[in-house]
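Protein chains: 2
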Amino acid sequence: MRGLMQEWPLLCHTIIDHAARNHPDRRIATRSVEGPIVSTTYGAVRQRALKVAQRLAGMSIRAGDRVGTLAWNTARHMEVWYGITGVGAIYHTVNPRLFHDQITYIINHAEDRLLFLDLNFVEQVEKLAETLKTVEAFIVLTDRENMPDTSLKNAICYEDWVTGADGDFAWVEVDENAGCGICYTSGTTGHPKGVVYSHRSNVLHALSVNMADFFGCSVKDVVMPVVPMFHANGWSLAFSAPMAGSEMVMPGRNLDGESLCSLINEFGVTMSAGVPTVWLGLQHYLQETGKKMPSLRRLVIGGSAVPFSSIRFFEEEQDAHVLHAWGMTEMSPIGTFGSLKPEYAALPREERYAVQTKQGHSLYTVEMKITDDDGNRLPWDGKTFGRLKCKGPAVAKAYFKGEGGEVLDAEGFFDTGDVATIDENGYMNITDRAKDVIKSGGEWISSIELENLAVGHPDVAEAAVIGLHHPKWDERPLLVIVAKDGKSPAKEDILGFMTDKVAKWWLPDDIVFVDEIPPTATGKIQKTELRKQFADYTLPTVDGPR
Amino acid sequence: MRGLMQEWPLLCHTIIDHAARNHPDRRIATRSVEGPIVSTTYGAVRQRALKVAQRLAGMSIRAGDRVGTLAWNTARHMEVWYGITGVGAIYHTVNPRLFHDQITYIINHAEDRLLFLDLNFVEQVEKLAETLKTVEAFIVLTDRENMPDTSLKNAICYEDWVTGADGDFAWVEVDENAGCGICYTSGTTGHPKGVVYSHRSNVLHALSVNMADFFGCSVKDVVMPVVPMFHANGWSLAFSAPMAGSEMVMPGRNLDGESLCSLINEFGVTMSAGVPTVWLGLQHYLQETGKKMPSLRRLVIGGSAVPFSSIRFFEEEQDAHVLHAWGMTEMSPIGTFGSLKPEYAALPREERYAVQTKQGHSLYTVEMKITDDDGNRLPWDGKTFGRLKCKGPAVAKAYFKGEGGEVLDAEGFFDTGDVATIDENGYMNITDRAKDVIKSGGEWISSIELENLAVGHPDVAEAAVIGLHHPKWDERPLLVIVAKDGKSPAKEDILGFMTDKVAKWWLPDDIVFVDEIPPTATGKIQKTELRKQFADYTLPTVDGPR
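Residue numbers (the numbering used here), protein chains in the order written: chain P, 3 to 548; chain F, 3 to 548.
Because the hints were derived from the structure by calculation, they are not lab data. Fair warning: this is a prediction, and the values are worked out from it, not measured in the lab. Any given hint might turn out to be false.
As the list makes no split between identical chains, a pair holds if one copy fits it or if it spans any two.
Unchecked claim - Only pairs whose alpha carbons sit at most 30 Å apart, straight line, appear in this in silico DSSO-like list of lysine-lysine:
| # | residue 1 | residue 2 |
| --- | --- | --- |
| 1 | Lys-437 | Lys-222 |
| 2 | Lys-222 | Lys-385 |
| 3 | Lys-222 | Lys-393 |
| 4 | Lys-135 | Lys-506 |
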C-alpha cells in the first residue's frame, strides 16, 4: 500500500525557486574576477539562471549533456550551475589547478559540449583549446567591456549572451535520479575518475548537511563559501545556503588573508568554509595586523587535518567556533563533522580542541563502518582501527563510464581508502590512508601516528614512515628522517624517545636519515617515491629476532 | 543519463538506526503512565523496536497492514512506531479525545488489525470493543505488575510480549513511497478522513523541519514533545529528534503546568513544542509560582494562533524564544514557522512580537500560493488575501480510500481551507478560514479581523461575524455580539468604534445582540450553528442603499 503524499521530485531547481520565492531580495555579494565587488539577489540569480537554461536549450544542450565550468566562486558561476541543471544538463566543474594534460583529459572524458570560463583562465585555455575535442563554444564569464581578444573558437561574451534572452522558459523536469553534476577526483594512480551526482543526491545532501550540528545554515547567516565550487562539489554550499535563504558572499579568485578578512568584516560574514591552508593564511594576516572578525561565529575547516594551533587561535582570539569537516568528492562531499557532542562539551579546553581535530560524527545520510582486510566489522571503541567504508544516498556507487570498476563491497559500502577509529559515541578519527598503513603480523600500524611522534623529537624536521617487506611479519615500519639544520641525532636517541609512547611492536625496525623527503604538488609526503627509493632496502630485523 | 549515487531509500528505520549507531546512550526520559519517571536510550529503543517488529511479523502483520495506537508520548509509544514501520506496516494514531463513535469509525475505516493502548485507556476501549470489527488483539502498554484485569479479548501485556522476543530480526525493506502512518483529520462536516504518510514523506519532512530556522534539533538539545504523537503526526518530533541525536523527554499524560515545569527543570529541556492551551497552563503556573526555566531556549507553539501576551511572557520573563508554527495533518504536518528573518530582527520589541504571531515562512519542501476563487495567483504584498494552497513531498494528494475525492488543483496544489496574505519576504499570515470569509461584490472580507476589532470595544465580551445572503453584493457581514455583564452598548456606538479602523465597505450591515455564542468542543466559535440560527434573517440593507 502506497502513501498518499504528493509526487515532488528532488530537483536542484527547487532550491533556487525556494530562495527566489521566499528570499527574493537576499543579497549575494561577489568580489568579481574583474575587480569590483558586485551584488545581486536570489530573485535575480534565479531569473538569470532561467535565461542561461533558455540559451543552453537554444544551443541544443539537452538533458544529460555535460557542460564544463572553469571558474571561481561568483554569483555568475552559481547561476550557471542552476541554468545547466535547470535544462537537465550536467555541470562539470574543472579544477584550474590540475596539470594541463589532466584538464584536457577530463574535459574530453566528460565530453563537455560547452565550457564556461572566468576571464583569467582565457590564456590558459587558449593553450589547450586544440586538444579539447568536444567543446563547441567557450563562454567567457564577463561583460562586453572586459571581453578579451581571444583565439578561442566560438568565444561568447557571457553578459551579452545572458541578457539577450527573455527568460520566458520553464525548467526541464527530469527524473530525480538523473545526473546533475560531475566532479573528477584525482587518485594517486591512473587518470582522474568522474563522480556523477544526481539531483536527488545533491538535494538530500544539502538538506542533511543543513542540520544544526553541521552547516546549520540559517536565514540569519551570511555564508561565505571559500572552498571553490570546483573542489568536491563546492561542499554543497551553492545548494545549502540558498535552501536556507542565507545571505552569501562569494570571494572570487583572491583567497589571501587580507581579501578574506575585508569581505568578512564588510559583509558581516557569520559562517565560512574552506581548507586549512586558506585559514592559515587568514590566521597569519590577523596575527600580523591584530584585526578581529566580530561577526564570524562558525568556521568550517576540511580537506585535510586541522592544526591544533588554528583551532586554538580562532576559538580564543576570534571567538569563532571551529568545526572540522571530513568528506570526499565521492561523498557529495560531506561525511562527518567534528561538532561537539554534550559528552565533550564539559571537557577542559585543550581536550575539547583535541576532540575538534577529529573527523567527528556522521550526517544522518551517511552510514559508516570500519572493517579488517577481510571485510569483517570492527568494534567502535575508539582504539581499533580499520578501513573506513561509507553508505548513503549521496555516496558514489561507481565512477563515470565504469572507470575503476566495482567500488562497493558486498553490503553496498564505498571504501574511502582511509583507515580510522570510531568511538562509542560514533566519533570517527582518521589514523592513516589505507595504502600507507603498515600490516605487521596481521595487525595494523598507523604510519601517521609514528610520523607525528617522530617529529616531536627536538632534532627532527620531517619524518615519513613506510612499510617494508618482512618475511616473518609481512611488513615492518622504516622511519625516514630529515634532521633539523646542524643536528644529527642518533638512531638510538630517537628510538629511545619513541619508546613507551607507542606499543613496543609499533616501533620502527630501522631509521634512515635523508636530506629531503619528496613532496607532492600539494605539499604532502610522496610515499610512492619513498617506497621506490627503499624498494631494495633490507631491514636489520630480517632473519633476526623480534 | 542517470547519476551514479547509491540507492538508499528514505525509510523510517534509518532514523532510529542512525540514532542507535551514533548516539546509543543518549537518554529518552518518560513520565510513565504508571507514574514513575523512567529512562531509556536510543540504543535500547532500537533494540526493542526490532523486537516489536519481530513480534508483529510473528502475528502475521505484513507490509501495508494498519496497526492502531491509542497512547501518550512515551518511549514505549516511540518504539512501537518504529517497530510498526520497521515491519512495513502502518501506524495509525488514534486521538483519545475523539467522540466514541468517531474512534470506532476510524479504527474500522483503517481496518486496524491490532491496537496498542495505554493503561488509562483500557476502560474506554472496553466500552468500544464490540464495535471494533477488525482488531484481533489489544496490547496494553504496561508490565505484568500493572496489567489490569480486562474484558478485552486477546489482551496482551506489552512488556511480556516484547521482552519475550530475542530481537534477531532485520527491518522489512519496502519502497520509500510505501505507506507508513495514518492520521485522521476531523473536518467540520462528514466523517474524519485519513491522511496516509509514506516513509519518504516522513523522512523528507523530518530533514526539512530540522533546518536551523525551524525545529533545528541539535545533538546538544533536550527536546520535549508536548504535542501528542496522536496529534498531526506528532509534529514529526519522534523522527526529527532521533535524526539529530537529541536527548528526549516524553511527558506522558500529565500536561499541566506543574508537571511540564518540573520535567523541563529536572532534565534541562532546551526545546519544546505544543499547542497554545498547554503553554497558557504553563504560563499561569509560572506566573503563580514565580518559577523560571533557565534551560529552555526555544518554545514552538502551533495548532492555533499564539496569544501576543504569551509571546511577551516567554520572551521577556523566561528568556525563551517563541516560534509560531503552522501546519496541518495533511502536511505531515509543518508548513511554516514564524522564525525571524533579518528584515525583522531589528524591529522594536512589540513589532517583532507581532511578526512572531504570524504563521511565517515555509519549509524548503513546502511551496505556497494564494489564489482567488477562480484559482488565479494573487500577489505577495502582505495585503491581498486569497485561498492558501500548498505543494510538496510531504503534502497529501488524496485521503485514504478516496474519501473527499480530488483534493488538488490543476497545478497540483492542496487547498488548506485557510485564507491568508503573504508578504514580499514570503511571510504568510492566516486571516480567516475560507468557509468563514465573507464574499461581498467579488471582494473578500475577513470575519476574524472584524471579530478581533469588535472585541476591542470595552462593552463587548464576544463577537462573531457571519456572511448573510444579499441580493446585490452576494454576501454581507452580520456582527453577532455578546455584551459584557451589565452592559448594553448601542449598535451605533459599536459601528462608530469600528469606523475608520477598516475599509468602509467592510463594516457590518447589521449588529445583533445574543446571550451566548455556541462554542465547539475545543472552545472555538461554532459558526455553522450561528448560520442556522440566522438563516432567515434579513439584513436592513437588502433593497436599501449601500
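**Asked** Is it within, between, both, or neither for Lys-222 and Lys-385, if the alpha carbons may be no more than 30 Å apart?
**Response** between (40 Å within a copy, 25 Å between copies)
**Prompt:** With identical chains treated as interchangeable, where does the CA-CA distance between Lys-222 and Lys-393 reach 30 Å or less: within a copy, between copies, both, or neither?
**Reply:** So Lys-222 and Lys-393 pass the 30 Å test across copies only (25 Å; inside, 32 Å).
**Message:** At most 30 Å between alpha carbons: which applies to Lys-437 and Lys-222, within, between, both or neither?
**Reply:** neither (44 Å within a copy, 36 Å between copies)
**Request:** Pop the pair Lys-135 and Lys-506 into one bin, within, between, both or neither, using alpha-carbon distances up to 30 Å.
**Result:** Result: close neither inside a copy nor across copies, 57 Å intra and 72 Å inter.
Violated hints, in rising order: 1 and 4; the structure is consistent with all others.
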